[in-house]
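Asks: Following the hints, complete the assembly by docking chain B onto the known chain A.
Residue numbers (our numbering), protein chains in the order written: chain A, 1 to 299; chain B, 1 to 307.
I should point out that these hints are in silico values taken from the structure, not numbers from a laboratory. Check each hint, because a few of them may be wrong.
[Unchecked claim] So the derived label-pair ranges between C-beta atoms look like this: (1) A:Arg81 <-> B:Arg287: 14 to 22 Å; (2) A:Ile52 <-> B:Val248: 25 to 33 Å; (3) B:Lys291 <-> A:Arg81: 17 to 25 Å; (4) A:Asp171 <-> B:Ala293: 33 to 41 Å; (5) A:Arg81 <-> B:Val146: 40 to 48 Å; (6) A:Phe170 <-> B:Arg287: 39 to 47 Å; (7) B:Arg287 <-> A:Ala176: 29 to 37 Å; (8) A:Tyr108 <-> B:Leu57: 40 to 48 Å; (9) A:Asp2 <-> B:Leu57: 51 to 59 Å.
Quick caveat: nothing in here was measured; it's all calculated off a predicted structure. For glycine and all other residues, C-beta sits at the position ideal for the given N, C-alpha and C.
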Amino acid sequence: MDSYSATIVATGAVVAGACGFVGNFLVLRRMALLGDAISHSVLLGVVLAFLITGDRGIGPMFAGAAVFGLLTAVMVQALGRGGVAEDAAVGVTFTAFFALGVVLLTLYAGRVHLDLEHVLYGEIAYVPWDTIEVGGISLGPRALWTMGAVFLLNLAAVGLFYKEFKICSFDPEMAAALGIPVAFFHYVLMALVSLTTVAAFESVGAVLAVAMLIAPGATAYLLTHRLGWMLGLSVVCGAASAVLGYGMAAWLDVSISGAMAAAAGLLFALALLFSPSQGVVVKRLRRRRVGLRKEDVLQ
Amino acid sequence: MGNLLLDPNFRWVLAGSLLLGASSGAIGAFCLLRKRSLMGDVLAHAALPGVGAAFLLTGSKEPLPLLAGAAVSGIAGTWCVDFITRHSRVKEETALGLVLSVFFGIGVVLLTWIQRRGFAGQSGLDSFLFGQSAAMVRQDVVTIAVVSAVLVAAVALLYKELKLLCFDPAFGAGLGLPMRFVDGVLTALIVLAVVIGLQAAGVVLTAALLVTPAVAARYWTRRLPVMLVLSGLFGAASGAAGTVASAVGPRLPTGPLIVLAATALFLVSLVAAPERGLLARGWRRWRLRRKAARPDLGSRGGQGGAR
Numbered sequence: 001m002d003s004y005s006a007t008i009v010a011t012g013a014v015v016a017g018a019c020g021f022v023g024n025f026l027v028l029r030r031m032a033l034l035g036d037a038i039s040h041s042v043l044l045g046v047v048l049a050f051l052i053t054g055d056r057g058i059g060p061m062f063a064g065a066a067v068f069g070l071l072t073a074v075m076v077q078a079l080g081r082g083g084v085a086e087d088a089a090v091g092v093t094f095t096a097f098f099a100l101g102v103v104l105l106t107l108y109a110g111r112v113h114l115d116l117e118h119v120l121y122g123e124i125a126y127v128p129w130d131t132i133e134v135g136g137i138s139l140g141p142r143a144l145w146t147m148g149a150v151f152l153l154n155l156a157a158v159g160l161f162y163k164e165f166k167i168c169s170f171d172p173e174m175a176a177a178l179g180i181p182v183a184f185f186h187y188v189l190m191a192l193v194s195l196t197t198v199a200a201f202e203s204v205g206a207v208l209a210v211a212m213l214i215a216p217g218a219t220a221y222l223l224t225h226r227l228g229w230m231l232g233l234s235v236v237c238g239a240a241s242a243v244l245g246y247g248m249a250a251w252l253d254v255s256i257s258g259a260m261a262a263a264a265g266l267l268f269a270l271a272l273l274f275s276p277s278q279g280v281v282v283k284r285l286r287r288r289r290v291g292l293r294k295e296d297v298l299q
Numbered sequence: 001m002g003n004l005l006l007d008p009n010f011r012w013v014l015a016g017s018l019l020l021g022a023s024s025g026a027i028g029a030f031c032l033l034r035k036r037s038l039m040g041d042v043l044a045h046a047a048l049p050g051v052g053a054a055f056l057l058t059g060s061k062e063p064l065p066l067l068a069g070a071a072v073s074g075i076a077g078t079w080c081v082d083f084i085t086r087h088s089r090v091k092e093e094t095a096l097g098l099v100l101s102v103f104f105g106i107g108v109v110l111l112t113w114i115q116r117r118g119f120a121g122q123s124g125l126d127s128f129l130f131g132q133s134a135a136m137v138r139q140d141v142v143t144i145a146v147v148s149a150v151l152v153a154a155v156a157l158l159y160k161e162l163k164l165l166c167f168d169p170a171f172g173a174g175l176g177l178p179m180r181f182v183d184g185v186l187t188a189l190i191v192l193a194v195v196i197g198l199q200a201a202g203v204v205l206t207a208a209l210l211v212t213p214a215v216a217a218r219y220w221t222r223r224l225p226v227m228l229v230l231s232g233l234f235g236a237a238s239g240a241a242g243t244v245a246s247a248v249g250p251r252l253p254t255g256p257l258i259v260l261a262a263t264a265l266f267l268v269s270l271v272a273a274p275e276r277g278l279l280a281r282g283w284r285r286w287r288l289r290r291k292a293a294r295p296d297l298g299s300r301g302g303q304g305g306a307r
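Excised from the complex, chain A in its bound form (with noise of 0.2 Å):
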């Protein structure tokens, strides 16, 4: 494999990793669609950090959009308590922050020079192409390092707070009467899931970010009783989803994070029929197995 392949397989399996940690935590807590909701949200902060500040760096843009991801998240929380359903409370908020992000970019396109393609849609192709110099030296593409590092914090995250999290995702009730501050971590995870989306579709593209925020830590979900191998077989699956969506690509020259997205579906597809514990197919043939016994018992 050169390098090209392998640094742009390289930064899909990082993305996979950082995104699997915290969607393993949306999927158990039904808030899968929440990573879908910031991570068009987070456009509104990152235009707004721009008129702001001025400055297309990084540091004001990542700003921008772990705030507008909380925002998102706690605007849910508390449409909620005024009795609009989740759902729904989700659906009207991320499209009145993307549609208002829109407006502005619109506005001030001139002096912006944020292209709403770039932003959004965010390619996987061009990564290996966008590198950090320092003193003249590359030291690689810069997503791979962003990636690396949001990876790095949503693992001593949820490696810190592992017995934290995992007790409110399972029993919030359970968590809040052992005194753990059930909402604090629920913002913090939050916080992560904006943090991750937005280095994550900056670097790789929407399409990617959401389908590995998801797609992976539901195969595993499947696949898995217990949330340590949970969390551990999901990176696994979004690291096989981005080797298997890059030959996809390249053998049929298409979009990369397209394939990618694609390949973690097939995934999940085989992990929903041919799981060995719970697979649709592996339940089939149990069941008519069991079917014959009984007959020949019969007879």
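Replies: The following block gives chain B in isolation, referenced to the frame of chain A:
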């Protein structure tokens, strides 16, 4: 404004957004009550592979085949969500997110496949997804009008069944009504609403038109017929306001302006609606607190109870 109304092109766009808003609003009310508000968002994304496939099969950019393709892949998406939730322990939200992102990924693959093979006349296929309400022509409006009329008629005809589906499907099944069929019909209606919305206004706007007017209408009433009408009206008003604002103001895209108009209506409802609005709630709480703070109330009430 007067000059604007004389412009035939503007009138088509205005009529289209009005009808689109009204029908999406009415369907959205049922989505909200069925707790399927994000279905529109998911279907709008899931339509992409259908658009690509329809272009590959027919080689034309005529709206009808593309719309049919979008509808077919939308229905395939809902079938997948149904299959996943029925046959595994994956929850509905996760299944929706999966279908949304994976179908969209497949769509992007198909579109890039088409682009890089240089099919004649493929340019602009992607704009199908992001909407181009300002470019609506008479034929698009006719399509939207016909489909909207079908949607409104279906809601009117199946009003009782849809109401049962939302509030008490078990009772409906007990009456001998085919509730799964009715659910399928509602899904088909949502798909239709999404498909006409996509072409006119893009993914995010379509999602918004199915959620925001309905949520806003829910603040004002507890009665389904009132909510349906209000939701439709809110949708139509947002459509009209967004279209006018984009025509008179600086050149801004119509879709996001329609979303913002709907959001403004939602905010007004959130604050000012009687009973459920923030003002009404705050007022109630304030009165309660004053009542509770009055010292004589408690003792008098207690004596009354003792006698």
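Asks: So, for every hint listed, does it hold in this structure?
Replies: Quick rundown of the hints versus the structure:
Between A:Arg81 and B:Arg287 the CB atoms are about 21 Å apart, so this pair conforms to the stated range of 14 to 22 Å. In this structure the supplied range 25 to 33 Å holds for A:Ile52 paired with B:Val248, their Cβ-Cβ distance being about 28 Å. Our hint of 17 to 25 Å for B:Lys291 and A:Arg81 holds, since their Cβ atoms are close to 24 Å apart. Checked against the given bound of 33 to 41 Å, the beta carbons of A:Asp171 and B:Ala293, roughly 39 Å apart, stay inside it.
Here the CB-CB span from A:Arg81 to B:Val146 is close to 42 Å, well matched to the stated 40 to 48 Å. The beta-carbon spacing between A:Phe170 and B:Arg287, approximately 41 Å, falls within the hinted interval of 39 to 47 Å. For the hinted restraint 29 to 37 Å between B:Arg287 and A:Ala176, the CB-CB distance of approximately 31 Å keeps it satisfied. Under the hint 40 to 48 Å, the C-beta atoms of A:Tyr108 and B:Leu57, about 42 Å apart, fit the expected range.
Taken as a hint, the range 51 to 59 Å is violated for the pair A:Asp2 and B:Leu57, whose Cβ atoms sit roughly 36 Å apart.
Going through the hint list in order, the structure does not satisfy hint 9, though it satisfies all others.
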